[in-house]
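The chain contents come next:
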Amino acid sequence: MIELSIKGRGGQGVVTAGELLVASSISEGFYGQSIPFYGGERRGAPVTSEVRLSKEPIFLHRRVYNPDVVAVFDASLFSVMNPLEGLKENGKVLMNSSNPRKVWRETYVVDATKIAQDIGLVIAGWAVVNTAMVGALANLLKEYVDLDALEEVVKEEFPGKLGEMNAEAVSLGYRGVKKVD
Amino acid sequence: MLVQKGKVLALVGNHAVAYAVKQAKPQVLAVFPITPQTTMLEKLSEYIDKGELRAELIKVESEHSAMAAIFGAALAGPRVFTATASQGLLYMTEMIYWVGGQRVPLVAAVATRAIASPWSIWDDHQDFVSKRDAIWVQMMAENVQDAYDITLMAFRISEDPRVMMPVMMGFDGFILTHTMERVEVLPDSVVDEFIPPREFKLIDFDNPLGIGAVATPDNYAKYRKKAMEAMERAKSVIKEVMANFEEITGRKQYGLTECYMCEDADYLLVGMGAWVGDMRVAVSRLRERGKKVGLLKIRVFRPFPREEVREALKGRKGVVVFDRAYSFGSGGVLSLEVKANAYGLTTPIHTVVAGLGGKDVRPRDIEGALEDLTEGKLEEERWLA
Chain A
1 MIELSIKGRG GQGVVTAGEL LVASSISEGF YGQSIPFYGG ERRGAPVTSE VRLSKEPIFL
61 HRRVYNPDVV AVFDASLFSV MNPLEGLKEN GKVLMNSSNP RKVWRETYVV DATKIAQDIG
121 LVIAGWAVVN TAMVGALANL LKEYVDLDAL EEVVKEEFPG KLGEMNAEAV SLGYRGVKKV
181 D
Chain B
1 MLVQKGKVLA LVGNHAVAYA VKQAKPQVLA VFPITPQTTM LEKLSEYIDK GELRAELIKV
61 ESEHSAMAAI FGAALAGPRV FTATASQGLL YMTEMIYWVG GQRVPLVAAV ATRAIASPWS
121 IWDDHQDFVS KRDAIWVQMM AENVQDAYDI TLMAFRISED PRVMMPVMMG FDGFILTHTM
181 ERVEVLPDSV VDEFIPPREF KLIDFDNPLG IGAVATPDNY AKYRKKAMEA MERAKSVIKE
241 VMANFEEITG RKQYGLTECY MCEDADYLLV GMGAWVGDMR VAVSRLRERG KKVGLLKIRV
301 FRPFPREEVR EALKGRKGVV VFDRAYSFGS GGVLSLEVKA NAYGLTTPIH TVVAGLGGKD
361 VRPRDIEGAL EDLTEGKLEE ERWLA
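Here the protein sequences come in this chain order: A and B.
Be aware that the first sequence starts at 1, since it is given in the UniProt record's numbering, and climbs by one per residue.
Be aware that the second sequence starts at 1, since it is given in the UniProt record's numbering, and climbs by one per residue.
Hints in this document: simulated from the structure, not taken from any laboratory.
Only a predicted model underlies this, so the values are computations on that prediction, with no experimental measurement involved.
Each hint can be trusted.
Computed beta-carbon distance windows for the label pairs:
1. B:60 to A:100: 51 to 59 Å
2. B:118 to A:122: 33 to 41 Å
3. A:180 to B:317: 53 to 61 Å
4. A:42 to B:118: 16 to 24 Å
5. B:61 to A:122: 37 to 45 Å
6. B:72 to A:88: 54 to 62 Å
7. B:252 to A:42: 39 to 47 Å
8. A:180 to B:381: 46 to 54 Å
All C-beta atoms, glycine included, are put in the ideal place defined by N, C-alpha and C.
Please work from the sequences and hints to get the whole structure.
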């Protein structure tokens with residue numbers, strides 16, 4: 001079993017990101033859990049979603065305290081909180097950033113904002129980064145998430161043209177992820 | 001019957017319950033939003049909009065009206081459903097008792113949530129247990145699959161002529177309502193067979209009768225006694241329906257309770273709801289360390305499985321009940337139920353009050369209390385607050 005923590009801001013699609021990963025893993029015959037944490041969320045406020053992926057049934061319902069992977073949707077979160085709290089020593093961090101910076105022993109980066117903007121995934125001035133981030137995460141979680149299955153799930157979740165655009169973001173995120181040395 | 005393998009879906013708890021309700025084909029729904037139940041009723045209205053569910057959807061002005069609306073509708077014959085939580089359930093209370101007293105078959109889901117004040121949107125069981133004396137069958141789910149399964153069984157149990165009683169399907173707010181998990185859903189045709197068309201119909205224009213009339217003391221007492229007898233009968237009906245459901249789905253149903261790793265257990269943990277999964281993990285870990293511990297899961301809260309609980313307690317060196325609801329000046333609500341059925345036994349019964357207002361409980365918290373119990377270090381009542 002692997003545990004993830006997805007950190008972002010209200011409106012960035014943090015909860016949907018977790019659900020897409022879980023749905024993809026389940027469509028492959030595995031098990032998964034997407035656990036959103038709801039508080040007084042509003043646009044721009046820090047939001048967390050947690051994910052478990054497993055090849056065996058999952059019994060736990062507690063929250064995730066020591067994730068194996070943390071995905072940070074917005075690097076500015078570091079100025080208001082520690083998004084890496086509890087991360088395992090040998091865990092991985094995936095950052096959405098145009099500025100590769102090592103924040104953990106194993107850090108990966110993808111410019112999800114640019115991917116979203118290039119495709120035109122912008123709502124009310126906000127780049128919708130979740131699908132590019134999910135694509136990048138799929139690359140780090142190959143044991144549980146298959147890229148083709150994920151693209152199918154994305155097309156099912158977003159009907160029509162929007163589905164094509166988001167599937168493209170997934171694919172570009174998957175290919176655009178880089179390890180920071 | 002052959003085991004019917006259905007589709008595997010990824011669903012959040014609210015949508016899994018909505019899916020089960022859609023398959024049960026209710027004809028009347030009353031909706032009033034309250035967190036964390038709202039997305040369930042939204043999904044049901046979406047099904048109606050898409051033509052996947054043919055039902056009358058009544059938008060009411062309060063939870064009291066929601067229950068009143070489906071009460072009236074149910075008397076005329078249709079299958080009905082609503083859902084609520086916390087303050088909504090409290091506001092609905094008067095009608096909850098009317099429905100129970102009238103012995104109307106219907107199903108309501110309760111996304112359990114703490115009660116104000118202070119205000120909280122998060123999970124505990126204080127709302128659910130407060131309806132224990134309303135003549136409702138009350139069942140509680142452990143995970144999203146269980147919530148789907150129990151919802152389907154609830155309609156069958158409720159409408160069984162030996163029961164004729166409303167059924168409340170409780171599942172932990174957010175922890176299950178908003179968590180996405182793997183769910184195996186049955187084909188519609190199998191559900192059609194499992195839940196036959198509803199036959200209950202009290203309102204009949206050819207044979208008019210009064211409903212809700214005053215009962216003289218003598219009649220009132222007789223009426224309540226009949227309800228008591230029906231509630232006792234419900235135990236065997238629930239077991240029968242579960243056995244049938246297990247046959248169809250291939251998913252183990254256990255019955256009113258499940259005893260996990262109990263056989264040679266000296267010490268027993270008792271719980272109800274979503275944290276039972278975390279308890280399984282805690283018990284397994286302690287077993288690996290050679291501790292003889294087991295877990296008793298309460299799946300049906302009303303009628304309370306007195307016989308099973310008493311049997312499970314016998315011969316244990318110690319018991320700890322984890323409670324998500326409290327009766328002030330007395331003790332944990334589930335603990336009180338367990339203790340009442342341990343009358344005459346010498347087994348000491350401890351209480352851990354935890355998970356109130358959504359406070360997360362980890363297997364290690366459970367493990368800690370259980371380990372303290374085995375070492376004689378657990379207080380009679382411990383609060384994880």
